[in-house]
Amino acid sequence: MSTARVADVTITNADKVWWSDEGITKGEVAGYYARVATRLLPFTVNRPLTVERCPDGFRGRCFYQKNFAVAERLGIPTVAIRATSVNRLVHYPLGNDVATLLALVNLGGLSLHLTSCRAGSLDVADWLAFDLDPAARFADAVQAAGVLREVLDDAGLRSYVKTTGGKGLHVLVPLRPRTPHADVLAYAGLLAERVIAKAPDLTTSSFAKSGRGGRVYLDLARNVCGATLVAPYSVRHRPHAPVSTPLSWDELRADLDPARLNVRSVLERLAAEDPWREFWSDRQKLPSPRRASAANRAVGRKRRSVA
5 MSTARVADVT
15 ITNADKVWWS
25 DEGITKGEVA
35 GYYARVATRL
45 LPFTVNRPLT
55 VERCPDGFRG
65 RCFYQKNFAV
75 AERLGIPTVA
85 IRATSVNRLV
95 HYPLGNDVAT
105 LLALVNLGGL
115 SLHLTSCRAG
125 SLDVADWLAF
135 DLDPAARFAD
145 AVQAAGVLRE
155 VLDDAGLRSY
165 VKTTGGKGLH
175 VLVPLRPRTP
185 HADVLAYAGL
195 LAERVIAKAP
205 DLTTSSFAKS
215 GRGGRVYLDL
225 ARNVCGATLV
235 APYSVRHRPH
245 APVSTPLSWD
255 ELRADLDPAR
265 LNVRSVLERL
275 AAEDPWREFW
285 SDRQKLPSPR
295 RASAANRAVG
305 RKRRSVA
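First residue of the sequence shown? That's 5 in the numbering used here, and the numbers climb one at a time after it.
Be a bit skeptical, because a hint or two may be false.
[To be verified] Ranges between beta-carbon positions, derived for each pair:
1. D157 with P204: 32 to 40 Å
2. W284 with S214: 18 to 26 Å
3. R287 with A84: 39 to 47 Å
4. V90 with E277: 39 to 47 Å
5. A87 with A186: 40 to 48 Å
6. R141 with K202: 33 to 41 Å
7. T16 with G150: 28 to 36 Å
8. A103 with R287: 21 to 29 Å
9. K202 with V74: 30 to 38 Å
10. G215 with R281: 15 to 23 Å
11. L78 with A201: 49 to 57 Å
12. K202 with V21: 30 to 38 Å
The hints are simulated quantities; they were obtained by calculation from the structure and are not laboratory data. Values in this document were obtained by computation on a predicted structure and should not be read as measured data. Even glycine gets a Cβ: it sits at the ideal position worked out from N, Cα and C.
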């Protein structure tokens with residue numbers, strides 16, 4: 005097995021094939037992360053990460069790791085956060101620079117999952133997030149995202165959409181600092197009610213799959229303190245090495261195949277304008293819960309009058 009230098013980081017076993025059908029190697033994945041780093045780092049700097057490690061690539065076993073107690077020996081900065089569930093410190097890696105990202109890849113790190121808060125402000129969220137999980141068809145997620153965007157527009161909130169790297173979509177609203185997680189989760193619930201009121205045959209908030217009836221699940225749990233969301237530009241453990249890809253709303257179409265947005269094709273997008281270029285300068289304040297509740301009641305009255 006060969007070694008390679010990628011952005012001044014030594015990648016061991018660089019020629020190890022991680023996707024045999026496409027011939028994608030560990031070294032190629034490292035090179036991909038080096039090239040997308042300028043767009044990825046604004047989301048990972050000083051943010052606790054959970055890493056999906058797949059040492060043998062797509063066909064091998066994967067596991068999630070958030071405790072990297074000896075990572076600093078490898079040049080990976082960490083932050084110690086007490087996990088109340090197990091009453092011990094967890095040493096989360098921080099994606100502070102390209103070298104750190106590549107060191108994680110060298111350990112078999114394939115996907116990066118982000119908390120919605122930075123290490124220095126664990127009590128507040130940087131975004132409101134919706135995870136749109138269709139029963140089968142990506143086109144259903146696209147349709148649901150369109151309804152969600154209408155609801156967010158009505159609330160005066162500007163939103164950003166990306167593929168998950170699977171069959172779903174993530175829709176995020178960047179938030180001003182000092183927005184508590186509990187407020188974000190509560191407001192997400194109010195928005196979900198409005199989406200379901202507008203599209204009851206398309207969307208659901210039922211956690212139980214048996215209660216979804218083939219509808220798109222509006223997963224609000226990404227807004228719980230400590231929950232994670234796959235990072236923009238993160239590679240996924242799926243066939244064809246897809247990437248969780250930021251899109252402009254104009255790009256989101258029912259015939260889009262998210263599997264075609266992969267470690268090779270996404271690099272071609274770097275020459276074009278970043279569809280999320282305004283994300284961090286577009287941080288918004290959530291409307292007050294009272295105002296949102298009033299809007300929900302108005303939607304309910306309108307729906308009953310139409311019925």
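Status of each hint after checking the structure:
The given range of 32 to 40 Å is broken by D157 and P204, whose C-beta atoms sit roughly 20 Å from each other. Look at W284 against S214: about 40 Å separates their beta carbons, and that is not inside 18 to 26 Å. In this structure the supplied range 39 to 47 Å is violated for R287 paired with A84, their Cβ-Cβ distance being about 27 Å. Distance hint check: the CB atoms of V90 and E277 are about 44 Å apart, consistent with the given range 39 to 47 Å.
Distance hint check: the CB atoms of A87 and A186 are about 19 Å apart, inconsistent with the given range 40 to 48 Å. Judged by the Cβ atoms, the range 33 to 41 Å given for R141 and K202 is violated: they are separated by roughly 19 Å. Judged by the Cβ atoms, the range 28 to 36 Å given for T16 and G150 is violated: they are separated by roughly 45 Å. Range check, A103 to R287: about 28 Å between beta-carbon atoms, so the 21 to 29 Å window is met.
Take K202 and V74: their Cβ atoms lie about 50 Å apart, and the range 30 to 38 Å is violated. One distance hint, 15 to 23 Å for the beta-carbon pair G215 and R281, is violated here, with the actual separation near 39 Å. Range check, L78 to A201: about 50 Å between beta-carbon atoms, so the 49 to 57 Å window is met. Between K202 and V21 the beta carbon distance is about 47 Å. The supplied range of 30 to 38 Å is therefore violated.
Comparing the model with each numbered hint stated earlier shows that hints 1, 2, 3, 5, 6, 7, 9, 10, 12 do not hold.
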